[in-house]
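Student: Here the protein sequences line up with chains A and B, keeping their order. If you count by the numbering used here, then the first sequence holds residues 1 to 493, one letter each, in order. If you count by the numbering used here, then the second sequence holds residues 494 to 735, one letter each, in order.
Warning: the hint list may mix true and false statements.
Lysine to aspartate or glutamate pairs mimicking DMTMM-like chemistry, simulated, CA-CA at most 25 Å apart [said to hold, decoys possible]:
no., chain 1, residue 1, chain 2, residue 2
1, A, 227, B, 605
2, A, 222, B, 605
3, B, 649, B, 631
4, B, 638, B, 605
What the simulated footprint calls covered on chain A by chain B, stretch by stretch (three residues with Cβ under 8 Å from a Cβ of chain B suffice, anywhere in the stretch; the number is not a length) [claimed, not checked]:
no., region
5, 90-99
6, 114-123
7, 192-199
8, 239-249
9, 265-279
10, 336-345
11, 454-466
Derived from the structure by calculation, the hints contain no laboratory data. Just so you know, even glycine gets a beta-carbon here, dropped at the ideal spot from N, CA and C.
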Amino acid sequence: MWSRRLGRLRPVACGAEELRRRRREREAALRKARREQQLVSKRLLRDDAPEEAGEGGVVAVLGEAEVQQFLRLAQRGTEEKERERALVSLRRGLQHPETQQTFIRLEGGMRILVGLLTSNQALLQLEAARCLHELSHSEQSVVAEACLPATSYLLTYLSSHSSDFIELCLYTLGNLIVESEAVRRQLLPQGIVPALAACIQSPHVAVLEALGYALSQLLQAKEAPEKIIPSILGSTLPQHMLQLLQPGPKLNPGVAVEFAWCLHYITCSQVNNALLITHGALSTLGLLLLDLAGAVQRTEYAGLELLACPVLRCLSNLLTEAAVETTGEQMQLRDERVIAALFILLQFFLQKQPSLLPEGLWLLNNLTANSPSFCTSLLSLHLIEPLLQLLPVSNVVSVMVLTVLCNVAEKGPAYCQQLWPGPLLPSLLNTLAFSDTEVVGQSLELLHLLFLYQPEAIHAFLQQSGLKALERHQEEAQLQNRVHALCWTALHR
Amino acid sequence: MQLPPALRTRLAGGPGAAKPLPVERDPAAGAAPFRFATRLVRFPREHEFFEDVLSQVAEAPERPRVPEFTCQVAGCCQVFDALEDYEHHYHTLHRNVCSFCKRAFPSGHLLDAHILEWHDSLFQILSERQDMYQCLVEGCTEKFKTSKARKDHLVKLHLYPADFRFDKPQKGRGPATAAETLGADREPSEGEAMEVCSEPTAPSPAPAGGRWTYSHRIPSTICFGQGASRGFKSTKKRNKHL
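Model the full structure from these sequences, guided by the hints.
Tutor: Below is the structure:
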């Protein structure tokens with residue numbers, strides 16, 4: 001599951017476009033497989049194994065007559081146990097796509113199921129809900145759409161008090177939301193947003209995780225930025241989500257993961273991030289980042305990447321909002337400990353999860369781009385050398401590291417004086433040996449700033465065969481002007 | 494990647510920003526052919542940077558089984574062997590129950606609406622003068638003169654089914670409800686929405702101290718002992734499910 005962006009771990013040998021194409025193909029396949037995995041993993045496997053393995057453990061497809069019979073028994077059977085058993089048999093059969101098709105084509109079938117869902121017999125209700133849950137797993141939108149008559153009830157039950165039932169309804173809704181735009185179009189006027197806003201106040205962890213799942217499916221819908229996210233931002237959901245992300249003894253990692261991803265889907269849609277900032281998103285996420293670094297230090301790694309990834313993405317995107325500059329002191333992110341925490345995470349990523357290095361460096365860029373204070377922190381906390389150690393990881397990572405170094409260098413002589421003497425120059429001479437144009441281009445920009453603000457470095461550059469390293473690229477269209485300019489500066493300063 | 498030891502100390506320290514070194518830019522820095530400028534980078538939703546979707550594989554929790562026990566509400570004789578079945582039964586049948594007519598509702602919200610509309614005589618008087626029938630969708634504050642007007646709103650605006658079970662009108666209560674009688678209901682076994690189970694009561698086992706007595710509203714602090722963990726785990730023997 002973690003083998004994303006493997007392509008970025010090797011320096012580029014062939015064309016970047018070809019690699020991008022291959023990466024997209026591979027990742028589309030991975031995404032599909034993972035989504036299936038996600039659906040399966042969210043399935044509430046509540047059956048006891050012995051119960052399932054009736055005749056050798058294989059669940060049979062049900063024919064139309066059998067489906068009708070089970071429905072009739074469930075609806076009109078005289079004994080409750082008999083009715084329940086009929087529904088259980090139906091539910092097992094519904095694990096098969098064929099049975100699902102048979103069921104939805106049966107006239108009145110859904111009506112009976114909805115009747116049982118809203119009956120006064122709790123166990124029948126539960127089994128009926130489980131049948132719906134099975135149907136919700138279908139990958140065919142026609143099956144999801146057949147469940148439309150049930151959605152108003154699923155939503156009504158979100159304000160009931162049975163936490164397991166609520167959980168089941170939420171997972172079912174989440175699954176249906178994925179499959180069908182028609183379902184989503186109906187759920188919004190039916191009041192799903194206020195229902196979720198009420199439900200998120202539940203103290204039950206299982207309910208919150210299920211809610212996070214349903215909400216994240218809603219937020220990933222293609223029409224979400226225009227049709228869904230505005231209502232969500234207009235509700236109390238953002239405040240509650242941020243509360244559930246506050247570090248402290250009450251923070252539940254499973255719940256936090258779900259809502260951190262929800263927050264990411266909201267922020268990257270860029271509907272109204274300023275609102276999130278006024279709710280204190282930056283400081284909450286900043287504190288959470290510190291918390292994550294603490295977890296790394298305590299070697300509590302399990303599932304850390306799942307939370308770190310959306311936190312980094314949210315922070316990075318939120319920092320680009322103009323509102324950041326105008327809000328009060330406590331809303332902003334000025335704490336130097338954020339830099340320290342980020343580097344602890346970068347080290348962790350390098351060892352365990354290199355594919356998250358771009359996320360971490362993206363945040364580092366946004367923190368340092370316009371902040372003399374954070375650039376000073378990089379220098380005073382001696383983080384330049386660790387940063388340089390990331391250069392060989394991949395071209396993408398190299399470019400980002402060099403960009404961060406440029407952020408520091410462009411602030412003038414006081415900053416460049418701390419960049420040289422030091423390990424920077426030898427590293428730059430190494431990156432000049434790369435064949436990737438973007439890496440070399442960024443190296444040239446950094447060299448230019450270094451020569452400008454710390455001319456003493458030029459001599460050392462020449463001594464270490466810098467000219468030769470430059471000349472290798474003098475034929476390259478994208479690089480030649482800069483190469484020539486640097487050669488000229490080196491020889492004439 | 495070697496991190497300086499002082500970094501951990503800094504993380505453990507208090508909040509604070511570094512005093513920035515003086516910034517002094519030379520215009521030659523951005524002169525052609527060089528083009529570097531600091532840039533806040535944002536990635537929108539569809540950007541390939543986000544092409545990978547991490548998904549969490551959640552372990553489904555095991556359903557705990559306990560020795561069989563009976564519902565303790567007076568007059569109810571349901572038996573259970575799993576806590577969540579009992580919890581669901583309780584919440585379905587005994588929780589949001591109207592103390593006037595014993596109907597059960599899925600939520601406190603719907604129960605409140607029912608009591609107001611069916612059992613509050615003041616409501617009937619007031620509703621002749623002002624819009625009193627409130628929309629059933631939580632979060633919608635619309636009110637209506639009649640139950641039918643409310644139903645129309647539910648169907649047209651909120652896309653609710655016309656036969657929504659928790660909005661059945663009262664039988665024989667004024668002209669507005671004449672058209673919607675139980676005869677239209679195609680499942681005779683369902684009866685009115687959420688009737689309380691009224692199976693012939695054999696003498697029920699002696700209730701153990703009446704723990705679950707109820708008024709028409711039950712405080713939400715009732716919890717079934719699950720708290721943060723998932724029900725009874727190793728404290729009781731598990732019955733084999735027969």
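Student: Indicate, hint by hint, whether the structure satisfies it.
Tutor: Status of the hints after comparison with the structure:
1. Between residue 227 of chain A and residue 605 of chain B, the direct Cα distance comes to roughly 32 Å. Violation of the 25 Å bound is thereby established for this hinted pair.
2. The suggested pairing of residue 222 of chain A with residue 605 of chain B is violated, with an alpha-carbon distance near 38 Å, which exceeds 25 Å.
3. Between residue 649 of chain B and residue 631 of chain B the CA atoms are separated by roughly 16 Å; this keeps the pair inside 25 Å, and the hint holds.
4. Between residue 638 of chain B and residue 605 of chain B the alpha-carbon distance is near 18 Å, which keeps this suggested pair within the 25 Å criterion.
5. Coverage of the region 90-99 of chain A by chain B is violated [criterion: at least 3 residues with CB-CB distance below 8 Å; count 0].
6. Here the region 114-123 of chain A counts 7 residues with a CB under 8 Å from a CB of chain B, which clears the bar of 3, and the coverage holds.
7. Taking a C-beta to C-beta cut-off of 8 Å, the region 192-199 of chain A contributes 5 residues in contact with chain B, enough for the three needed, and the coverage statement holds.
8. Three residues within the 8 Å Cβ limit are the bar, and the region 239-249 of chain A against chain B gives 0, so the coverage statement is violated.
9. Remark: the region 265-279 of chain A is confirmed as covered by chain B, as 4 of its residues place a Cβ nearer than 8 Å to a Cβ of that chain, reaching the required three.
10. Counting residues of the region 336-345 of chain A whose beta-carbon sits less than 8 Å from any beta-carbon of chain B gives 6, enough to reach three: the coverage restraint holds.
11. Counting residues of the region 454-466 of chain A whose CB falls under 8 Å from any CB of chain B gives 0; the rule of at least 3 is not met.
In terms of the numbered hints stated before, the structure departs from hints 1, 2, 5, 8, 11, listed from lowest to highest.
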